[in-house]
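*Asks:* Sequence:
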Amino acid sequence: MAKGALQEAQEHNGHQQQAPGSPQQLSRHQQSAIVSLLDGTSATFVVDNWLYNEKRIAKQLHGRPWEFHFEVKFYPPEPSTLSDDLTRYLLTLQVRRDIYTGK
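In terms of the UniProt record's numbering, the sequence shown is numbered consecutively and its last residue is 103.
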């Protein structure tokens, strides 16, 4: 499994240690990265609070309100090749929302 810049960790004796440049050592502004997708395009993501699976969410957010957002922006190079009706419908909604909000 390849590890990205924000997921970089050193494994030593079965324990993960924070590596230089790990999410906890970066400011919010720095917690963004460009990911290369399979089709050769790239995507940018920003992480406000990086969560780890092995720790409880409540301990990671330290009493702050729990607010989760997940957003993916993907425009296929050729929308007519989408074979699933639901996928085409969701793409239409996404494009409409992006035009309406000016994104």
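Source of the hints: derived by calculation from the structure; they are not laboratory data. A hint or two may mislead.
Said to hold, decoys possible - Derived CB-CB ranges, DEER-like: (1) Lys55 to Thr92: 31 to 41 Å; (2) Thr101 to Trp50: 43 to 53 Å; (3) Trp66 to Val95: 40 to 50 Å; (4) Ser83 to Ala58: 23 to 33 Å; (5) Ser80 to Glu54: 35 to 45 Å; (6) Lys103 to Trp66: 20 to 30 Å; (7) Arg64 to Leu93: 42 to 52 Å; (8) His62 to Ser83: 43 to 53 Å; (9) Lys55 to Pro76: 10 to 20 Å; (10) Trp66 to Arg88: 14 to 24 Å; (11) Ile99 to Glu67: 37 to 47 Å; (12) Pro65 to Gln94: 37 to 47 Å; (13) Gly102 to Phe68: 33 to 43 Å.
We put the beta carbon where it would ideally sit given N, CA and C, even for glycine.
*Asks:* Would you mind marking each hint as holding or not holding in the structure?
*Replies:* Results of checking the hints against the structure:
The hint said 31 to 41 Å for the Cβ distance between Lys55 and Thr92, and at roughly 39 Å that hint holds. Between Thr101 and Trp50, the C-beta spacing of about 26 Å breaks the proposed range 43 to 53 Å. The supplied range of 40 to 50 Å is broken by Trp66 and Val95, whose beta-carbon atoms lie about 30 Å from each other. Taking the beta carbon of each, Ser83 and Ala58 are about 42 Å apart, not inside 23 to 33 Å as hinted.
At about 43 Å, the CB distance of Ser80 to Glu54 agrees with the hint of 35 to 45 Å. Judged by the Cβ atoms, the range 20 to 30 Å given for Lys103 and Trp66 holds: they are separated by roughly 25 Å. One distance hint, 42 to 52 Å for the beta-carbon pair Arg64 and Leu93, is violated here, with the actual separation near 30 Å. His62 and Ser83 have their C-beta atoms about 45 Å apart, which keeps the hinted 43 to 53 Å range intact.
Restraint check, Lys55 to Pro76: a C-beta distance of roughly 36 Å breaks the suggested window 10 to 20 Å. Between Trp66 and Arg88 the beta carbons are some 33 Å apart, a value that contradicts the proposed interval 14 to 24 Å. Distance hint check for Ile99 and Glu67: the Cβ-Cβ separation is about 26 Å, which falls outside the suggested range of 37 to 47 Å. At about 27 Å, the CB distance of Pro65 to Gln94 disagrees with the hint of 37 to 47 Å.
Taken as a hint, the range 33 to 43 Å is violated for the pair Gly102 and Phe68, whose Cβ atoms sit roughly 24 Å apart.
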